[in-house]
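> For reference, the chains in residue letters:
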Amino acid sequence: MISIEHLSKKYGLLQALKDVSFSVQDGEVLGFLGPNGAGKSTTMKIITGYTAPTEGSVKVNGLEVWEHPLEVKRQIGYLPESVPLYDDMTVLEYLQFIGSIRIKARSAFNSGSLPLAESLARVVKLCGLANVVRRPIGELSKGYRQRTCLAQAIIHNPDILILDEPTSGLDPNQISEVRDVIREIGREKTVMISTHILQEVQAVCDRVIIINEGRIVAHGTTAELERQSESAQSVYVKMRGLKEKIHQLLLDLPDIHEVRHRDTESADIFGFEVTATGSLDIRERIFRRAVSLDTPILEMRVERVSLEEVFRQLTK
Amino acid sequence: MHNIIAIFKKELRSYFNSPIAYIFLVVFLVIANWLFFGSFFLNGQVTLRPFFSLIPWIFLIILPALTMRLWSDEKKGGGMELLLTLPIRDSEAVFGKFKAACAILCITLFLTAPTALTVVFLGNIDGGEIIGGYIGAYLLGCSIIALGAFMSSITKNQIVAFLLSVALSFIFLIIGQDYTLAPFSGLIASILNFVSFLPHYQTLSGGLISGGDVVYFIGMIFFFLFLNTKVLESRQYRG
Ligand SMILES: Nc1ncnc2c1ncn2[C@@H]1O[C@H](COP(=O)(O)OP(=O)(O)O)[C@@H](O)[C@H]1O
Ligand SMILES: [Mg+2]
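Chain order of the listed sequences is A and B.
For the first sequence, UniProt numbering begins at 1 and goes up steadily by one.
For the second sequence, UniProt numbering begins at 1 and goes up steadily by one.
Chain B on its own, in the form it takes in the complex:
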């Protein structure tokens, strides 16, 4: 735990030492508020639905920007050699970095809370929907972060890491949609539907907080972090 915290702090510091964390925060808050109040003033409707339904697509673009440098940067500067010869496990480095990016996401979501609360007071909104929405958004975000960290570990180039993360996250978002499932038959369709991020997120943000969906996201996160660790370990394969 000590080592994970050390890596976490180092990573968080470098986020806030560079413009990336601030750009991330500002972009996300501007979009979120625009969606809140846009729907409120234009439609006269007080709802968080447009916000939560757009979140996957906002995440798709901005989270890979947050994760693209996680490993690519270390590879370029030689930091990888230092990090992986420190007396820590590869998995500790992977977790520390992952947690740092999740912390930025967490702070960002937290900063949307005042706006969300305003909407809650103005309207008559189901509390379960909001809590489910936030839980879903956080878990979905962490899954995309884990995927992005993994992509960053396979390339030296940040832009490549970004594009790969966007592409792969996009696939994970759309494979569960009706229009992608149409050509497939029963079993394949239900597998794709299960693997996809979106159906699980939609259940949660619909206010239905089911253990299965939470476990699904945690499983996805561990799966990508596991792959990330394997990529680091691959430097040591004999041959």
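If we strip away everything but chain A, and leave its shape as in the complex, we get:
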């Protein structure tokens, strides 16, 4: 489990993180979503012990990263955004290098890790690297480079995985391959994955944190976020009557933010979109008012906004 409290980070005058608090539960896949420059990588660099925060605390399984860097680092697998590889090494040499360090550190405290050779075989299979193990990394395609770097992050079978934009720059096939690997790992591990792509969150994450300009602007499951959003409260209602009368009827309801004409089915059937202020469910009110004014409702439903819309609103 990772728990982050009141995290702030300044780069000179630029405040990259402002009082960020959240936690990642054991066994959960958390999506860390935000536009470029939001502070995702900065947060991950702090969790992995690469940089220190200006203020705040980061605990990994109860240990402050700051005070116990080695104990924390051995439990984490990290895929940095820059995909650091050594072009002159082969895939195998690279994985042996990282693996020998990570596995040794882990096995000193934990019996859950395999010896190097078996670990290598496992990640080569999991990440689909069998065809390229003896090739120099400098000759690999972007997709294979990404997967090689992912392999180094999971080689010691860590409890916690931090993946910074693991699918950026890949083509659609490669993206779905890498997501499959992440989903596979996420079944038993705690995973935190940053992205600026919504579909990614929907595809692999249990829960989402949306960050913008260094602040958390929303968090919850994808379904919760869709519900929380302002315009998620909009209701589509189709009624029979005079267009102006229907419009007025809806406007006269309490706590109404906006009423918009959407479509016209026939000369006396009109569809409207009604948005309430706050998160009220206004369907029942619409029903009662319509009954009292003898205006039949032919259709009514809550309009689901996409997560895309939520994201757009929160980060604009």
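Keep in mind that the hints were calculated from the coordinates and are not lab data.
One thing to keep in mind: the hints can contain errors.
Claimed, not checked - Subject to a maximum C-alpha distance of 25 Å in a straight line, what follows is the list of computed SDA-like cross-link-like pairs (lysine to any residue):
#1 B:Lys75 to A:Tyr11
#2 A:Lys10 to A:Ser57
#3 B:Lys76 to A:Asp87
#4 B:Lys230 to A:Glu64
#5 B:Lys156 to A:Ala52
#6 A:Lys104 to B:Lys99
#7 A:Lys10 to A:Val217
#8 B:Lys75 to A:Ser141
#9 B:Lys156 to A:Leu13
#10 B:Lys156 to A:Gly12
#11 B:Lys230 to A:Ser8
#12 A:Lys189 to A:Ser3
#13 A:Lys142 to B:Ser18
#14 A:Lys238 to A:Arg301
#15 A:Lys142 to B:Lys75
#16 A:Lys142 to B:Leu198
#17 A:Lys104 to B:Leu12
#18 B:Lys230 to A:Ser57
#19 A:Lys238 to A:Thr222
#20 B:Lys9 to A:Arg122
#21 B:Lys76 to A:Arg301
#22 B:Lys76 to A:Gly169
#23 A:Lys238 to A:Ser292
#24 A:Lys10 to B:Tyr237
#25 A:Lys243 to A:Glu284
#26 B:Lys9 to A:Arg145
#27 A:Lys189 to A:Ser23
#28 A:Lys59 to A:Ser107
#29 A:Lys104 to B:Tyr237
#30 A:Lys245 to A:Thr277
#31 B:Lys76 to A:Gly143
#32 B:Lys156 to A:Gln15
#33 A:Lys59 to B:Ser234
#34 B:Lys230 to A:Glu67
#35 A:Lys59 to B:Gln236
Claimed, not checked - Stretches of chain A that chain B covers, calculated by requiring three or more beta carbons in the stretch to come under 8 Å of a beta carbon on chain B:
#36 100-107
#37 197-210
The beta-carbon is built from N, C-alpha and C at its ideal position, and this holds for glycine as well.
Let chain A serve as the given structure and place chain B with the ligands on it in line with the hints.
Same frame as chain A, but now just chain B with the ligands:
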């Protein structure tokens, strides 16, 4: 130790995967042999003195070329982020890299041994002078490597790292010389003389193997490696 060896092997591999180690070896051996046999054929003298007296100035140019990429390269490729988030101490990474460069130096010096032995057989040379010369050369070289590694840790740019290393090593070489000491009075002069590489090296290569000089070089090496580690740690200063 395990981690230091892992970093050492990785670093040594990348030296031999790139032309730099070979260029270093060839340049050094060509110069060394030219100095050996040059003095032998031109002067008819069989001596290693020109070789050992030129070594500091050869090192001054070629060792920074060996160390300039040690950290600068990692910074450019993002390797720094990976290396420093691995479960190793910063000092282990510093030592592993330092040792790799020292290993190249060691191999190079070793390859000059046949030539040196030839000279020994041809002439009548004091064994202490040769052993002292090699020990001095190795320690001086390691000190310049430690200094160069430190310089490489403060910049992303290899050329800048190279130039800084050459400049600083040059200063450490000449501050103990009579012509730099001339304007200074007693205490300052003796401090400068003590800090400088050259007087200690000259004692050793003169055949006088004193513990003080060996300790001096080891102290310098640790001092620069310590600074190198501090530079890596500075990324974590709060503020
Ligand atoms: N090393 C750094 N020095 C100065 N500013 C930085 C540094 N790293 C990131 N920043 C700035 O901090 C902000 C957050 O960056 P980052 O965490 O990389 O965002 P994200 O990963 O969400 O795109 C950006 O404005 C970025 O320019
Ligand atoms: Mg980023």
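> Next step is simple, just say for each hint if it's right about the structure.
Okay, the hints, checked on the actual structure:
1. Using a Cα cut-off of 25 Å, the hinted pair lysine 75 of chain B and tyrosine 11 of chain A holds, with the two alpha carbons roughly 18 Å apart.
2. For the given pair, lysine 10 of chain A sits about 15 Å from serine 57 of chain A by alpha-carbon distance, which is consistent with the 25 Å threshold.
3. This hinted pair checks out: lysine 76 of chain B and aspartate 87 of chain A have alpha carbons roughly 13 Å apart, not beyond 25 Å.
4. Under the criterion of a C-alpha separation no larger than 25 Å, the hint pairing lysine 230 of chain B with glutamate 64 of chain A is consistent with the structure, at around 21 Å.
5. With a C-alpha separation of about 20 Å, the suggested pairing of lysine 156 of chain B with alanine 52 of chain A holds against the 25 Å cut-off.
6. Straight-line distance between C-alpha atoms of lysine 104 of chain A and lysine 99 of chain B comes to about 21 Å, which keeps the hinted pair within the 25 Å bound.
7. Of the supplied pair hints, the one linking lysine 10 of chain A and valine 217 of chain A holds, its CA atoms being roughly 19 Å apart against a limit of 25 Å.
8. About 22 Å separates the Cα atoms of lysine 75 of chain B and serine 141 of chain A, which keeps this hinted pair within 25 Å; it holds.
9. For the hint linking lysine 156 of chain B to leucine 13 of chain A, the alpha-carbon distance of about 22 Å falls within 25 Å, and the restraint holds.
10. For the given pair, lysine 156 of chain B sits about 19 Å from glycine 12 of chain A by alpha-carbon distance, which is consistent with the 25 Å threshold.
11. For the given pair, lysine 230 of chain B sits about 23 Å from serine 8 of chain A by alpha-carbon distance, which is consistent with the 25 Å threshold.
12. A threshold of 25 Å between alpha carbons decides the hint, and for lysine 189 of chain A with serine 3 of chain A the separation of about 16 Å falls inside it, so the pair holds.
13. This hinted pair checks out: lysine 142 of chain A and serine 18 of chain B have alpha carbons roughly 23 Å apart, not beyond 25 Å.
14. Our distance criterion of 25 Å between C-alpha atoms is met by lysine 238 of chain A and arginine 301 of chain A, whose separation comes to about 9 Å.
15. Annotation: proposed proximity of lysine 142 of chain A to lysine 75 of chain B holds, straight-line Cα distance about 20 Å (limit 25 Å).
16. A distance of roughly 50 Å separates the Cα atoms of lysine 142 of chain A and leucine 198 of chain B; the hinted pair therefore is violated under the 25 Å criterion.
17. Taking the CA atoms of lysine 104 of chain A and leucine 12 of chain B, the gap is about 21 Å. The hint holds against a cut of 25 Å.
18. With a CA separation close to 23 Å, the supplied pair lysine 230 of chain B and serine 57 of chain A stays within the 25 Å bound.
19. Using a Cα cut-off of 25 Å, the hinted pair lysine 238 of chain A and threonine 222 of chain A is violated, with the two alpha carbons roughly 28 Å apart.
20. Our distance criterion of 25 Å between C-alpha atoms is met by lysine 9 of chain B and arginine 122 of chain A, whose separation comes to about 24 Å.
21. The hinted pair formed by lysine 76 of chain B and arginine 301 of chain A fails the criterion: a straight-line CA distance of about 55 Å is larger than 25 Å.
22. For the given pair, lysine 76 of chain B sits about 19 Å from glycine 169 of chain A by alpha-carbon distance, which is consistent with the 25 Å threshold.
23. For the proposed pair lysine 238 of chain A and serine 292 of chain A, the alpha carbon gap of about 16 Å is at most 25 Å, so the pair holds.
24. For a cut-off of 25 Å, the pair hint linking lysine 10 of chain A to tyrosine 237 of chain B stands: about 11 Å separates their Cα positions.
25. Of the pairs offered as hints, the one joining lysine 243 of chain A and glutamate 284 of chain A holds, with about 21 Å between alpha carbons and a cut-off of 25 Å not exceeded.
26. Between the alpha carbons of lysine 9 of chain B and arginine 145 of chain A the distance comes to roughly 22 Å, so the proposed pair stays at or under 25 Å and holds.
27. For the proposed pair lysine 189 of chain A and serine 23 of chain A, the alpha carbon gap of about 15 Å is at most 25 Å, so the pair holds.
28. Distance hint between lysine 59 of chain A and serine 107 of chain A is fulfilled; the C-alpha atoms sit about 21 Å from each other, no more than 25 Å.
29. The suggested pairing of lysine 104 of chain A with tyrosine 237 of chain B is violated, with an alpha-carbon distance near 28 Å, which exceeds 25 Å.
30. The suggested pairing of lysine 245 of chain A with threonine 277 of chain A holds, with an alpha-carbon distance near 22 Å, which does not exceed 25 Å.
31. Using a Cα cut-off of 25 Å, the hinted pair lysine 76 of chain B and glycine 143 of chain A holds, with the two alpha carbons roughly 21 Å apart.
32. For the proposed pair lysine 156 of chain B and glutamine 15 of chain A, the alpha carbon gap of about 24 Å is at most 25 Å, so the pair holds.
33. Annotation: proposed proximity of lysine 59 of chain A to serine 234 of chain B holds, straight-line Cα distance about 21 Å (limit 25 Å).
34. With a CA separation close to 17 Å, the supplied pair lysine 230 of chain B and glutamate 67 of chain A stays within the 25 Å bound.
35. In summary, the hint linking lysine 59 of chain A to glutamine 236 of chain B is supported, as the alpha carbons are separated by about 16 Å, within the 25 Å threshold.
36. Given a C-beta distance limit of less than 8 Å, the hint that chain B covers the region 100-107 of chain A holds, as 6 residues qualify and 3 suffice.
37. Coverage of the region 197-210 of chain A by chain B is violated. Counting CB-CB distances below 8 Å, 0 residues qualify, and the rule asks for three or more.
Hints 16, 19, 21, 29, 37 from the earlier list are contradicted by this structure; the remaining hints agree with it.
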